[in-house]
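From first to last, the protein sequence lines stand for chains A and B. Going by the working numbering, the first sequence opens with residue 1, and the numbers climb by one from there. Going by the working numbering, the second sequence opens with residue 1, and the numbers climb by one from there.
Since the hints were derived computationally from the structure, they do not count as laboratory data. Incorrect hints may have been included.
Below, in silico cross-link-like pairs of lysine-lysine (DSBU-like), each with a Cα-Cα straight-line distance of 30 Å or less [to be verified]: (1) Lys164(B) - Lys368(A); (2) Lys106(B) - Lys368(A); (3) Lys366(B) - Lys106(B); (4) Lys164(B) - Lys366(B); (5) Lys52(B) - Lys474(B); (6) Lys106(B) - Lys164(B).
Selected chain B positions facing chain A (in silico; Cβ < 8 Å) [claimed, not checked]: (7) Lys70; (8) Val137; (9) Leu143; (10) Val144; (11) Gly151; (12) Ile159; (13) Val163; (14) Met170; (15) Leu181; (16) Ser185.
Anything over 10 Å on all C-beta distances counts as not near chain A; from chain B, calculated [stated by the list, open to error]: (17) Asn71; (18) Thr359; (19) Lys474.
Glycine included, each C-beta is placed from N, C-alpha and C at the ideal position.
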Amino acid sequence: MIAAPKLEFAPILPELFLCGVAILGLLYEAMAPKAERLWHLALAFAGLIAAALATFPLWHWDGPSTVMRGMVSVDRFSVVSRLLLLGIAGMGLLFGTHYFARSGDAYRGEFYPLILFATAGMTLITAAADLILVFLALEILSLALYVLTGITGRRNSNEAAMKYFLLGAFSSAFFLFGVAWAYGATGTTGITAIANALAGQTGDQALALLAFVFLATGFGFKVSAVPFHQWTPDVYQGAPTPVTAFMSAATKVAAFLALIRVLDVAFQPLTWDWTPVIWVLAAASVVLGSVFAIAQSDIKRMLAYSSIAHAGFILTGLTSSNQIGIRAAMFYLVSYALMTLGAFGVVMLVSARGEEQTSLTAYAGLSKRSPLLAGLMTLFLLSLAGIPPTVGFVAKVGVFTAAIRAGHTSLALVGVVASVVAAFFYLRVIVLMYMQEPQGSFEEDRSLMPRVAIAIPAILTLALGIFPGLIAGILERASILRW
Amino acid sequence: MTDHLLTIVTFLPLVGAVALIVWRGAPDNSARSLAMLTAVVTFVVSLTILGKFDRADSGYQLVEQATWVKNIGLQYLVGIDGVSLWMVLLTTFLFPLSVLASWPVKTNVRLYMASMLVLETAVLGSFVALDLLLFFVFFEALLVPMYLIIGGWGGERRIYAAVKFFLYTMAGSAFLLVGILFLYSRSAGPVGHGTFDIQQLTTVAGSLPASTARWLFLAFFVAFAVKVPLFPLHTWLPDAHTEAPTAGSVLLAGVLLKVGAYGLIRFNLQLFPEASKYFAAAVSILALIGIIYGAVVALIQTDIKRLVAYSSVSHLGFVVLGIFAFTNQGVTGGILQMVNHGLSTGALFLLVGMVYERTHTRDLGKMGGLAVVMPWLTGAFLFAVFSSVGLPGLNNFVGEFLVILGSFAVNEWFGALAAVAVVLAAIYLLWSYQRMAYGPIHEEHSLLPDVNLREVLVLAPILALLLVFGVFPKLLTDRIDPTAQAVVAHVSPDHITDVGATGVVQANGGEP
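Build out the structure end to end from the sequences listed, making use of the hints.
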């Protein structure tokens with residue numbers, strides 16, 4: 001008699017909840033005569049909370065390190081990743097609800113289920129222990145994001161969605177190709193198994209390196225590292241602002257966390273070979289991201305280039321292929337998520353209806369029209385620029401320390417010089433807001449709810465900047481990958 | 001409570017700033033008064049530091065230590081020695097005066113005052129921090145309020161000046177950050193965390209190869225040289241000083257530049273003594289170029305504020321020259337000059353601001369004869385000018401004298417050239433006074449009022465100190481000397497001379 005394989009469902013319960021609730025949301029939209037936004041919001045939040053509740057017990061998981069036949073890994077790394085992503089999704093939902101209430105853009109109830117599907121893909125990718133599952137999760141999150149980008153049906157939005165889809169499909173193909181090479185090189189797609197094969201010299205290291213290059217291309221696209229960044233400005237600008245906020249924060253977090261697992265577990269035996277590749281990607285991203293951002297006249301494009309530079313900073317931390325580097329990168333991702341959500345949240349409110357006022361001139365004299373928004377934006381910009389006492393400073397110190405300790409002092413130098421360049425364009429917005437007179441008349445979005453929502457990342461930006469120890473301990477325990 | 005004296009002094013202004021930020025819709029006068037109250041209370045509390053300071057001790061005093069971020073070994077570690085003591089007091093002294101001098105600020109008063117108080121906390125924090133990263137946090141944080149003050153309330157080209165100030169300083173400190181993190185990583189093993197404690201890092205830095213230590217010295221040096229500013233990194237200063245509002249200029253010259261000079265003493269000399277000696281000649285030459293260049297450029301200025309700004313470049317050159325002489329007299333003189341320059345240039349900027357508020361011009365060609373309509377104001381100006389040119393009996397004399405004496409001992413040419421600059425200072429300052437105060441008066445200036453009560457309150461304390469420290473320099477040198485000797489002993493043990501700096505002061509009749 002054949003014993004049925006024992007399946008542990010607890011470690012993927014969060015994803016099951018997310019997908020289940022997403023399907024419920026789709027049904028509600030389809031069945032209800034008049035689907036209400038607030039019910040959608042409540043339902044989606046219920047899904048997020050259920051997923052979070054299902055995640056907490058995994059912190060004390062004492063079962064096997066991978067379940068579902070080596071497909072899903074259960075470690076504290078994935079617990080923290082999930083919680084972070086769920087938090088970002090919650091902010092995205094709040095922003096979206098407000099946006100559709102105000103913008104006048106065509107509203108579609110599928111927004112909520114799509115966010116949940118994307119989140120499910122993101123949380124799954126951070127826990128994936130097999131390259132096949134990484135690819136699957138990548139597709140789940142990408143497809144949802146392609147649709148979200150074009151959800152309002154505006155022309156720009158559609159164009160961005162199309163661009164995102166074409167380039168994204170291309171990069172997915174590269175990724176899949178890389179998976180195939182990895183299988184050819186080592187005879188397996190399991191992340192741990194690849195590492196064992198490479199360490200035990202049973203795998204072909206040259207082929208494995210080729211596989212790494214293709215995988216890195218796929219990841220490079222998702223985290224928008226130079227030279228795979230071309231889609232970023234167009235998509236960030238074209239997508240509805242709440243989607244941009246969600247996408248820029250969550251995609252980067254998810255893709256980087258998955259990349260960490262691939263780099264530091266699967267290809268750990270080849271560290272010496274891949275470090276130069278990451279080094280170059282990091283240096284190119286921080287420099288070109290910062291330089292191109294200077295020339296932008298649209299705040300969403302500017303933040304897009306800044307996100308490219310930040311991808312470079314995170315890669316800087318990853319050149320240190322040890323726990324210090326992982327911890328630094330995780331901290332950077334947390335801080336990046338906070339700053340980006342906050343900054344795009346303000347962008348959404350300044351551009352009162354839809355995407356009308358996203359040019360930098362809309363920020364002239366903002367401190368007079370709305371001191372609160374100007375103050376919040378200043379905080380986020382200073383944090384993005386890495387000025388203490390904000391969380392962005394602590395995060396930068398972390399990744400530079402990791403790089404220097406791994407012997408990459410020159411990369412840290414490139415990084416700090418690029419941050420000075422970056423400070424210039426962040427400052428320019430502050431100059432506009434505080435030191436210039438308003439130009440033309442602008443409609444104000446005075447609603448309270450989104451301001452409260454933006455206050456959450458604002459408070460955390462300051463609190464974690466002054467007391468990074470609040471999460472440093474958790475991240476330290478989460479930065480140990482089980483394999 | 002007294003155990004946390006430095007913490008209280010450092011963060012009191014921040015409390016006031018937070019109150020101002022939270023108090024939306026505060027009437028302008030309440031905002032001003034609250035800021036003034038905070039600054040005065042901070043000053044009064046800081047005076048108790050003076051009482052607790054043990055003048056015989058050359059080490060760190062009033063040390064407070066607490067773990068801040070355990071995982072990376074970051075500590076909240078503060079303390080003061082003979083250098084930082086005076087820097088702290090100079091800061092707490094100049095801030096109430098600056099707030100009082102800012103009374104005429106009309107726009108966005110609440111934000112302005114809050115920026116001032118945040119700035120005070122950041123500056124004080126930089127002076128008391130004994131943990132390198134903690135220092136860096138304050139050092140970098142002080143950019144933001146200063147940037148806002150220049151850019152928000154400055155003159156016509158304020159935005160250009162503010163951005164230039166910010167980027168120059170940040171570019172310098174970028175290298176400092178890498179230097180700090182490099183030292184940190186050397187203090188750590190392969191796993192676990194290192195330390196940012198400057199005393200422990202001194203040991204770490206001492207064990208580095210000489211070439212590494214020299215690179216690190218340069219990384220630190222660039223950051224502080226921008227701030228001091230040292231030729232050729234000074235170009236942000238004339239713009240920033242000229243465009244800043246009066247109080248901004250006072251604080252820039254009075255305390256912010258001192259953070260740079262202080263950083264050189266505290267970090268460059270302490271961490272890299274060998275490299276400091278290695279680069280001493282080069283740094284001294286840069287300082288000399290700055291001294292002469294600043295003076296010559298000041299000579300040709302027609303904008304009175306710009307003139308005082310360039311005189312700062314010249315005077316700060318003296319400070320660096322003295323410090324890098326590595327003799328007791330030189331270092332003591334350098335530190336003394338830091339305090340004196342803060343007071344006399346602070347006074348000059350205050351007075352320039354008062355003149356500008358009346359005449360609405362900074363162009364010396366459009367002034368003249370002001371001594372007729374405002375004898376008290378121009379009198380005060382002359383007093384500050386005398387102090388700044390180093391007239392014996394006023395504060396600058398002793399410091400400059402010691403610096404020249406100290407650098408003479410190292411290289412006669414250095415001393416001689418520095419002495420020439422003293423003459424140049426007399427020329428440009430007295431000439432500017434002459435163009436402003438004497439000659440025919442412009443018609444539209446003939447009805448201008450003399451100083452009012454508020455301005456008397458601003459000027460009286462600072463002018464009094466110019467005299468007091470001129471007559472009793474021992475008040476300062478007593479507490480500076482042990483630290484200066486320790487610095488010299490650390491960097492250059494063979495340069496300790498029998499004649500202590502205090503001996504010189506006594507010999508020249510400073511002792512009552």
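Close enough to count: is the Cβ of Val144(B) nearer than 8 Å to one in chain A?
-> holds (6 Å)
Taking 30 Å as the top limit, are the C-alpha atoms of Lys106(B) and Lys368(A) close enough?
-> Holds: Lys106(B) and Lys368(A) sit about 15 Å apart, inside 30 Å.
Evaluation of the interface hint that places Leu181(B) against chain A, nearest CB under 8 Å | OK, holds: Leu181(B) within 8 Å of chain A, min 5 Å.
Ser185(B) as an interface hint toward chain A, with CB separation required under 8 Å | holds (4 Å)
Once the closest CB in chain A is found, is it more than 10 Å from Lys474(B)?
-> holds (39 Å)
Run the C-beta distances from Asn71(B) to all of chain A and say if the shortest one exceeds 10 Å.
-> violated (4 Å)
Does the CB of Val163(B) sit less than 8 Å away from some CB of chain A?
-> holds (6 Å)
Compare the distance between the alpha carbons of Lys366(B) and Lys106(B) with 30 Å, and conclude whether the hinted pair is satisfied.
-> holds (26 Å)
Are the Cα atoms of Lys164(B) and Lys366(B) separated by 30 Å or less?
-> holds (28 Å)
Measuring Cβ to Cβ, find out whether Thr359(B) lies farther than 10 Å from everything in chain A.
-> The assertion about Thr359(B) holds, with a minimum of 25 Å to chain A.
Could you grab the alpha-carbon distance between Lys52(B) and Lys474(B) and see if it respects the 30 Å cut-off?
-> holds (18 Å)
Chain A contact restraint for Gly151(B) - C-beta distance below 8 Å = holds (5 Å)
Checked against the numbered hints above, the structure violates only hint 17.
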